[in-house]
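First to last, the protein sequences are chains A and B.
Going by my numbering, the first residue of the first sequence is number 2, and it counts up by one from there.
Going by my numbering, the first residue of the second sequence is number 16, and it counts up by one from there.
Because the hints were derived from the structure by calculation, they are not lab data.
Heads up, some of the hints might be wrong.
A few chain A residues that don't get close to chain B, going by computed Cβ distances all over 10 angstroms [stated by the list, open to error]:
| no. | residue |
| --- | --- |
| 1 | 4 |
| 2 | 9 |
| 3 | 50 |
| 4 | 57 |
| 5 | 61 |
| 6 | 62 |
| 7 | 64 |
| 8 | 67 |
| 9 | 78 |
| 10 | 81 |
| 11 | 83 |
| 12 | 110 |
Some but not every residue of chain B turned toward chain A, in silico, with C-beta under 8 angstroms [to be verified]:
| no. | residue |
| --- | --- |
| 13 | 60 |
| 14 | 80 |
| 15 | 104 |
| 16 | 106 |
| 17 | 116 |
| 18 | 117 |
| 19 | 119 |
| 20 | 120 |
| 21 | 127 |
For glycine and all other residues, C-beta sits at the position ideal for the given N, C-alpha and C.
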Amino acid sequence: DAKTTQPTSMDCAEGRAANLPCNHSTISGNEYVYWYRQIHSQGPQYIIHGLKNNETNEMASLIITEDRKSSTLILPHATLRDTAVYYCIVRVWGGANNLFFGTGTRLTVIP
Amino acid sequence: EPEVTQTPSHQVTQMGQEVILRCVPISNHLYFYWYRQILGQKVEFLVSFYNNEISEKSEIFDDQFSVERPDGSNFTLKIRSTKLEDSAMYFCASSDRGRDTQYFGPGTRLTVL
Chain A
2 DAKTTQPTSM DCAEGRAANL PCNHSTISGN EYVYWYRQIH SQGPQYIIHG LKNNETNEMA
62 SLIITEDRKS STLILPHATL RDTAVYYCIV RVWGGANNLF FGTGTRLTVI P
Chain B
16 EPEVTQTPSH QVTQMGQEVI LRCVPISNHL YFYWYRQILG QKVEFLVSFY NNEISEKSEI
76 FDDQFSVERP DGSNFTLKIR STKLEDSAMY FCASSDRGRD TQYFGPGTRL TVL
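Excised from the complex, chain B in its bound form (with noise of 0.2 angstroms):
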C-alpha cells in the first residue's frame, strides 16, 4: 500500500540554524500539507501546496517557513533560524485531490537546542 515517507525521522539542531525536512507523497497525489504537533498539544495545520503554490497556511506559517517541491517527487519544509519553540513534531500529508482524504507521514521529530 502506497504511503507518505518523511526524512528523517529525527532533527536536532542548534538555535538560529536552519533546517529542511523532507517528505515523499504518495505517487499519484497532487496537494501537499505540513502539520505540526508540538510536545503534548493538538496536531496544528501549518500549510497545504497544490500546483507549486501555496494554497492555504495558518497564522503559525510566518516568513520564517517556506515549502517548495524541488522536482516530481519531494515536498520540503525549511524553517529558518529556528528557534527554541519549533522544537516539534512535524508530519508531511498528502492527497489525490484538494478536499479529499489525507494520508500522513510518520512525521520527523525537531528538536532545537
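Just chain A, with the same shape it has in the complex (with noise of 0.2 angstroms):
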C-alpha cells in the first residue's frame, strides 16, 4: 500500500472547518483513501473513504485531487469532541486486509 504523509499537528478554533491534508504521491489506480480518528486511546473510528471523487457523509467532507496524489479531509464545523489524531490510510482494494497505521495529524479544536 502507498506511503502517507500528514502533518504531526494542526489547531482549529471551535466552529470553523478543520481542513486536514494528506499526501499520497505514489498512489496507484487501484487504492483507496480512507480515514480514520482515534480520541485519547478509543478504538479507531471510520470517518470516510474514496477513490477519485469528493465524498461527503455526515461526519466529513473528503476532497481528493484530480492526480490523487494528495487528499483533505473537511470537519466543517470542528467541536472539542472533534480532538484526536487523524490517519489518512491508502489502501489497495484488492490487496491485504490489514490497515496500516501511520502516526497520523493531532487535531487540537481551541474554544
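Each chain sits in its own coordinate frame; assemble them with the hints.
Here you go:
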C-alpha cells in the first residue's frame, strides 16, 4: 500500500472548518483513501473513504485532487469532541486485509 | 447502530500468565481482526480471520498468540505466557467483506506486571 504523509499536529478554532491534508504521491489506480480518527485511547473510528471522486457523509467531506496524489479531510464545523488523532490510510482494494496506521495528525480544537 | 464490543475493558495479569481477550463483532460481519497499540505508539495489525482460519498475520503474531471463534458471536485473542512488553491496548475490528471498511471496538487495556 502507498505511503502517506500528514502534518504532525494542527489546531482549529471551535466552530470553524478543520482541513486536514494528506499526501499520497505514490498512490496507484486501485488504491482507496481512508480516514480514521482516534480519540484519546479509544478504538479507531472510521470517518470516510474515497477513490477519486469527492465524498461527503454526516461526519466529514473528503476532497481528492484530480491526480490523486493528495487529499483533504474537511470537518465543516469543528467541535471540542473532534479533538483526536486523524489517520489517512491508502489501501489497495484487492490487497491485504490489514490497515497500516501511521502517526497521523493530532488535531486540537480550541475553544 | 451496530458496534463491536470488547471485554474486559481492562485486564491486569502477572507475567507468565495466560489471558483471553474477548470481542463480539458486528453481527453480519464475516472478517475479524486484532490490532494492538503500545502506549504512545502506532496502532499495529496483528491478525485477520475469516471462515474459521487465519487470513493474514503480522510478524508480531507469533506462537504466543492464537485466535478463535468459539461460537457464532465471539472472537477471542489468547496470549500465552504473557510478557511485560505485551502491555498494550488491544483492539478488535470486523468488516462485512475482506476489503471493506473495518469497524473497531473500544479496546481492552492489558497490563502485565
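Structure-based check of each hint:
1. With a minimum CB-CB distance of about 13 angstroms to chain B, residue 4 (chain A) clears the 10 angstroms threshold, and the non-interface call stands.
2. With a cut of 10 angstroms on Cβ distances, residue 9 (chain A) stays outside the contact zone with chain B, its closest approach being about 13 angstroms.
3. Listed as outside the interface, residue 50 (chain A) is inconsistent with that label: its C-beta sits roughly 7 angstroms from the nearest C-beta of chain B, within the 10 angstroms cut-off.
4. No Cβ of chain B comes within 10 angstroms of the Cβ of residue 57 (chain A); the nearest lies about 16 angstroms off, and the non-interface call holds.
5. The Cβ of residue 61 (chain A) sits about 14 angstroms from the closest Cβ of chain B, beyond the 10 angstroms cut-off, so the non-interface label holds.
6. For residue 62 (chain A), the requirement that its beta carbon stay farther than 10 angstroms from each beta carbon of chain B is met, with the minimum near 17 angstroms.
7. The non-interface label for residue 64 (chain A) is consistent with chain B: the shortest C-beta to C-beta separation is roughly 19 angstroms, beyond 10 angstroms.
8. Against chain B, the non-interface label of residue 67 (chain A) holds: every CB pair exceeds 10 angstroms, the least being about 24 angstroms.
9. At roughly 22 angstroms from the closest C-beta of chain B, the C-beta of residue 78 (chain A) stays outside 10 angstroms, upholding its exclusion from the interface.
10. The beta carbon of residue 81 (chain A) is kept farther than 10 angstroms from every beta carbon of chain B, the shortest such distance being approximately 20 angstroms.
11. The beta carbon of residue 83 (chain A) is kept farther than 10 angstroms from every beta carbon of chain B, the shortest such distance being approximately 18 angstroms.
12. Separation of residue 110 (chain A) from chain B is adequate, the least Cβ-Cβ distance of about 22 angstroms exceeding the 10 angstroms criterion.
13. With 8 angstroms as the threshold, the beta carbon of residue 60 (chain B) comes within range of chain A, its nearest partner Cβ sitting at about 4 angstroms, so the hint holds.
14. A distance limit of 8 angstroms between C-beta atoms decides the matter here; for residue 80 (chain B) the minimum to chain A is near 15 angstroms, and the interface restraint is violated.
15. Given hint, residue 104 (chain B) at the interface with chain A, holds; its Cβ is 6 angstroms from that chain's nearest Cβ, closer than 8 angstroms.
16. Nearest Cβ of chain A to the Cβ of residue 106 (chain B): about 5 angstroms, under the 8 angstroms cut. The hint holds.
17. Satisfaction of the interface hint for residue 116 (chain B) is found here, the shortest Cβ-Cβ separation to chain A being roughly 5 angstroms, below the 8 angstroms cut-off.
18. At about 6 angstroms, the closest approach between the beta carbon of residue 117 (chain B) and any beta carbon in chain A falls short of 8 angstroms, and the interface hint on this residue holds.
19. About 4 angstroms separates the beta-carbon of residue 119 (chain B) from the nearest beta-carbon of chain A, less than 8 angstroms, and the hint is met.
20. About 5 angstroms separates the beta-carbon of residue 120 (chain B) from the nearest beta-carbon of chain A, less than 8 angstroms, and the hint is met.
21. Contact between residue 127 (chain B) and chain A, as hinted, is not supported at the beta carbon level, the nearest pair being about 17 angstroms apart and thus beyond 8 angstroms.
The structure fails hints 3, 14 and 21 (numbered hints given earlier, in ascending order).
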